[in-house]
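Quick note, the sequences are listed as chains U and Z, same order.
Counting from 1, position 83 in the first sequence corresponds to residue 112 in the numbering used here; the numbering is continuous, with no gaps.
Counting from 1, position 45 in the second sequence corresponds to residue 54 in the numbering used here; the numbering is continuous, with no gaps.
Any given hint could be a false lead.
Here are the simulated SDA-like pairs of lysine to any residue, each with C-alpha atoms no more than 25 Å apart in a straight line [what the hints assert, rightly or not]:
#1 Z:K12 to U:P68
#2 Z:K107 to U:T46
#3 Z:K12 to Z:T81
#4 Z:K107 to U:Q53
#5 U:K36 to Z:Q51
#6 Z:K107 to Z:E40
#7 Z:K107 to U:N79
#8 U:K36 to Z:F110
#9 Z:K12 to U:E132
#10 U:K36 to Z:H49
Derived by calculation from the structure, the hints in this document are not laboratory data.
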Amino acid sequence: SAVISQKPSRDICQRGTSLTIQCQVDSQVTMMFWYRQQPGQSLTLIATANQGSEATYESGFVIDKFPISRPNLTFSTLTVSNMSPEDSSIYLCSVSLQQGRAEAFFGQGTRLTVV
Amino acid sequence: DAKTTQPPSMDCAEGRAANLPCNHSTISGNEYVYWYRQIHSQGPQYIIHGLKNNETNEMASLIITEDRKSSTLILPHATLRDTAVYYCIVIGSYNTDKLIFGTGTRLQVFP
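Bound conformation, chain Z alone (with noise of 0.2 Å):
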């Protein structure tokens, strides 16, 4: 699975949008884009994934670029309970779902 890289921490104020940055330049034609996020104290917590095109659900939405080497996660109007590490993770189809998580962004977000 390809590598990714994360800036280690990122603040953003409660109400604004957080934008997480993610470059996974050795991704591969089947590999997904997948985010996931640790609330202190809890177990991890998917959030979205993607191929190619831009996704949104209910929590997120993720934006990949064209070349697919980086991806953006999106949380559109962020609360003080977004407050969280996000891990970005790369993982092809074949590989029966095995997480290898990274070291992620530590997000804080601030009254």
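Isolated chain U (complex conformation) (with noise of 0.2 Å):
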């Protein structure tokens, strides 16, 4: 299994500003992702941290609006950039402790609210 331990927490942010959530894992690990959940709805992946490159982001999401780092294999930074109200979501780290198994670990998630 993995811990993993998301900073902050939760925040509450002034429209305009930029929050960078940190995740922290406690053992190394090939495959992390962020993830975006949205008040009342399922989760969306916003992109998988590559460890050395840039994130590969999925449709919808781009490098400037969400900018991640992930200087090793035990941590990742993702950024939310120039806040509006519709980016108060709930956003999880995740990881995957071996390529090609889907059993995937969860970090408690930085509850985002935009003001």
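Can you join these two chains into the complex? Each is in its own frame, and there are hints to help.
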């Protein structure tokens, strides 16, 4: 298994500002992902965080809005840039311990409110 | 990956078996069926997965029909703590673990 720590757990931000969310894993992992869960909705995959290279974004998500870093095999950050109220969501980090196996572990999420 | 269809909500009495269905009629031969659940205010939690044989672990059982077009997640003795949204996800082993979540089934366990 893997223990995932996300910081901050929640935040209230002003529109137009940016927030960086951190994801720390207690072991080296191959695959790391970032998801968004809008109020009352299911999870939507934002991107795959690739170690040592640019993240792979899903349709509808762009690097300028959601820049992602992954400097090593245990840490990643997601920045929500130039925020608007529509960005109010829970953002979740997820990891998979073994490529090709979809038994993923999730952080507790960061609850973001943009005012 | 194949699309899945689940009922939006279900109720179950505490102590009884909860049987959650999932339709995946377009599943292909190398695609697995995974189940996750999300308890309120928590991240999703892996439950179980299978290819074509029935599977059982400490949390649940997974029954996959012979034609693999549908499956059922069984919680044998539901408790109040099993109240959650349950997601059935079909994923190919080639898809490098990207989980695409549908709308899931909201299971309410009542006393």
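- Violating hint indices (sorted, rising): 2
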